[in-house]
Amino acid sequence: MLHDLLAAAGLALCIALAIHMALPYRAQARVDAGLRRLGGWLQSQMDRLTGWRRRQRQTRAAALEAERVIRRARETALREQGARPEGEWDGNVYRPKSFEKPKKPH
Numbered sequence: 001m002l003h004d005l006l007a008a009a010g011l012a013l014c015i016a017l018a019i020h021m022a023l024p025y026r027a028q029a030r031v032d033a034g035l036r037r038l039g040g041w042l043q044s045q046m047d048r049l050t051g052w053r054r055r056q057r058q059t060r061a062a063a064l065e066a067e068r069v070i071r072r073a074r075e076t077a078l079r080e081q082g083a084r085p086e087g088e089w090d091g092n093v094y095r096p097k098s099f100e101k102p103k104k105p106h
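Note that the UniProt record's numbering gives residue 7 to position 7 of the sequence shown, counting from 1, and the numbers run on in steps of one.
Since the hints were derived computationally from the structure, they do not count as laboratory data. All values reported here derive from a predicted model rather than from experimental measurement. Among the hints, a few may not be true.
DEER-style ranges, computed between Cβ atoms [claimed, not checked]:
(1) A7 / R68: 56 to 66 angstroms
(2) Y25 / W52: 39 to 49 angstroms
(3) A7 / Q45: 22 to 32 angstroms
(4) L2 / M46: 23 to 33 angstroms
(5) E67 / G87: 21 to 31 angstroms
(6) I70 / A12: 56 to 66 angstroms
(7) A22 / L64: 52 to 62 angstroms
(8) L13 / M46: 13 to 23 angstroms
(9) Q56 / R26: 22 to 32 angstroms
(10) L64 / L38: 33 to 43 angstroms
(11) G39 / I15: 18 to 28 angstroms
(12) G39 / A62: 46 to 56 angstroms
(13) R71 / D32: 52 to 62 angstroms
(14) E86 / L64: 31 to 41 angstroms
We treat Cβ as the ideally placed atom computed from N, Cα and C, and that holds for glycine.
Assemble the whole structure, with the sequences as input and the hints as a guide.
Structure follows, in structure tokens:
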């Protein structure tokens, strides 16, 4: 059964190549261009299918990594909360109270 199928596919390919060789140059070029377009379309469809899974995996990995970094930053901030000097926030700038002390002149 498999041998018959392979033989039939080989015969069909040989007949298609013989017909292609018998065609005039312009018709050969047109058939070749159509086959190239078909091959490019098939390749883009395969890339789309495999790329979808890859993008999904990368998105999930990025979300997990972001969550891990945020959790680590929160834990560090809570741990160092007592060690941080007193001060105030001016927008996103933290100014410790120790900077407000006048320095002694030399």
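Structure-based check of each hint:
1. A7 / R68: 56 to 66 angstroms: holds (58 angstroms)
2. Y25 / W52: 39 to 49 angstroms: holds (41 angstroms)
3. A7 / Q45: 22 to 32 angstroms: holds (30 angstroms)
4. L2 / M46: 23 to 33 angstroms: holds (25 angstroms)
5. E67 / G87: 21 to 31 angstroms: The hint (21 to 31 angstroms, Cβ to Cβ) holds, given that E67 and G87 are roughly 29 angstroms apart.
6. I70 / A12: 56 to 66 angstroms: holds (60 angstroms)
7. A22 / L64: 52 to 62 angstroms: holds (60 angstroms)
8. L13 / M46: 13 to 23 angstroms: Cβ of L13 to Cβ of M46: about 22 angstroms, so the range 13 to 23 angstroms holds.
9. Q56 / R26: 22 to 32 angstroms: violated (45 angstroms)
10. L64 / L38: 33 to 43 angstroms: Given a distance of about 40 angstroms, which is inside 33 to 43 angstroms, the answer is holds.
11. G39 / I15: 18 to 28 angstroms: Since G39 and I15 have Cβ atoms about 20 angstroms apart, the given range 18 to 28 angstroms holds.
12. G39 / A62: 46 to 56 angstroms: The hint (46 to 56 angstroms, Cβ to Cβ) is violated, given that G39 and A62 are roughly 33 angstroms apart.
13. R71 / D32: 52 to 62 angstroms: Because 57 angstroms falls inside the window, the suggested range holds.
14. E86 / L64: 31 to 41 angstroms: With a Cβ separation near 36 angstroms, E86 and L64 satisfy 31 to 41 angstroms, so the hint holds.
The structure is inconsistent with the numbered hints 9 and 12, although it conforms to all the rest.
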